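J.: These are the residues of each chain, in order.
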Amino acid sequence: MMGERPESDSSSYESWLDAKRNLETPALAPRVLQAIQQGEQQASQRQFLLLLWRLKRPVLGSLACLAAFTVGSAPFVYLAYVAKLFAY
Amino acid sequence: MLLDDDAKDDDAKLVRQWLAGDMADYEAVVARFQAPIFRFAYNLLGDREEAEDVAQEVFVAAYRHREQFDPRRARFSTWLFTIARHRCINSLKKKKLDTVAFDEFTADRPPGLRVEERTAFWESLDRALAALPWEQRTVFVLAEIEQLAYAEIAEIEKTSLGTIKSRLHRAKRALRAALEPMGRAR
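In order, the protein sequence lines correspond to chains A and B. Under my numbering, residues 1 to 88 are what the first sequence spells out, in order. Under my numbering, residues 1001 to 1186 are what the second sequence spells out, in order.
Just so you know, these hints were derived from the structure itself, not from any lab. Treat the hints with caution; some may be incorrect.
Said to hold, decoys possible - Quick partial rundown of chain B residues pointing at chain A, CB under 10 Å, derived from the structure:
no.: 1; residue: 1013
no.: 2; residue: 1014
no.: 3; residue: 1016
no.: 4; residue: 1019
no.: 5; residue: 1021
no.: 6; residue: 1023
no.: 7; residue: 1036
no.: 8; residue: 1039
no.: 9; residue: 1047
no.: 10; residue: 1051
no.: 11; residue: 1134
no.: 12; residue: 1147
no.: 13; residue: 1150
Every value quoted in this text rests on a predicted model; they were computed, and no experiment measured them. From the three backbone atoms N, C-alpha and C, an ideal C-beta is built for every residue, glycine too.
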């Protein structure tokens, strides 16, 4: 290389390291907090949807129907019992 | 990132306050640690936008899995660097790359060298760093740029002190070798 004597390699290396250490950093806090809040909102929505799905499952529906049948048929069962008493 | 004992105590206090509190305290934690985590990601990946994404993922993951952090076993910065290392690996795997190419260097050049010589010298170092194998690159960045203690680096890399020293020695040798052609030209 012609012209003036260049800076020594070791000081250039240190300058390069200094430049690497002094990188301009973006402000991450707003993005991070927003991402966390969005994640928590999505988790709540997923839990609500899961609850709805569980309520629609056949097992629960069957139990509900069985309970309704039991309550609805109770008067007729009673009438049949009373009729049997008079028959004898 | 050399810290004296007072600074390390302040960091520990800040983290304890957040773990006992809520998200408002986490903003201060992110503000405190965003610079080293972003630098680490950028110096490994070579892309500013990708480094920002990785750094954001690191802090979100740290918040979601905060119950896994045990302050008795490690410093919070060590834990963050460990998460950042994994995220950087995943990012490189997605691109199926082992080496990277750095963005155009934008920092101010120091006086002394002519502009062309500084640019060429720094670009050679950037290329040499990007060409290092992953294990050597991470150790070099943590030791020479972040200035972490070898013991902390060994904890992050999940390996022995001897292996860390060996990787750093090979990394520096590779960088010196990359600069030899420039020296012979003088």
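J.: If a hint holds in the structure, say so; if it doesn't, say that too.
T.: Here is what the structure says about each hint:
| no. | hint | verdict |
| --- | --- | --- |
| 1 | 1013 | 19 Å, violated |
| 2 | 1014 | 13 Å, violated |
| 3 | 1016 | 19 Å, violated |
| 4 | 1019 | 15 Å, violated |
| 5 | 1021 | 14 Å, violated |
| 6 | 1023 | 6 Å, holds |
| 7 | 1036 | 9 Å, holds |
| 8 | 1039 | 5 Å, holds |
| 9 | 1047 | 13 Å, violated |
| 10 | 1051 | 9 Å, holds |
| 11 | 1134 | 18 Å, violated |
| 12 | 1147 | 8 Å, holds |
| 13 | 1150 | 17 Å, violated |
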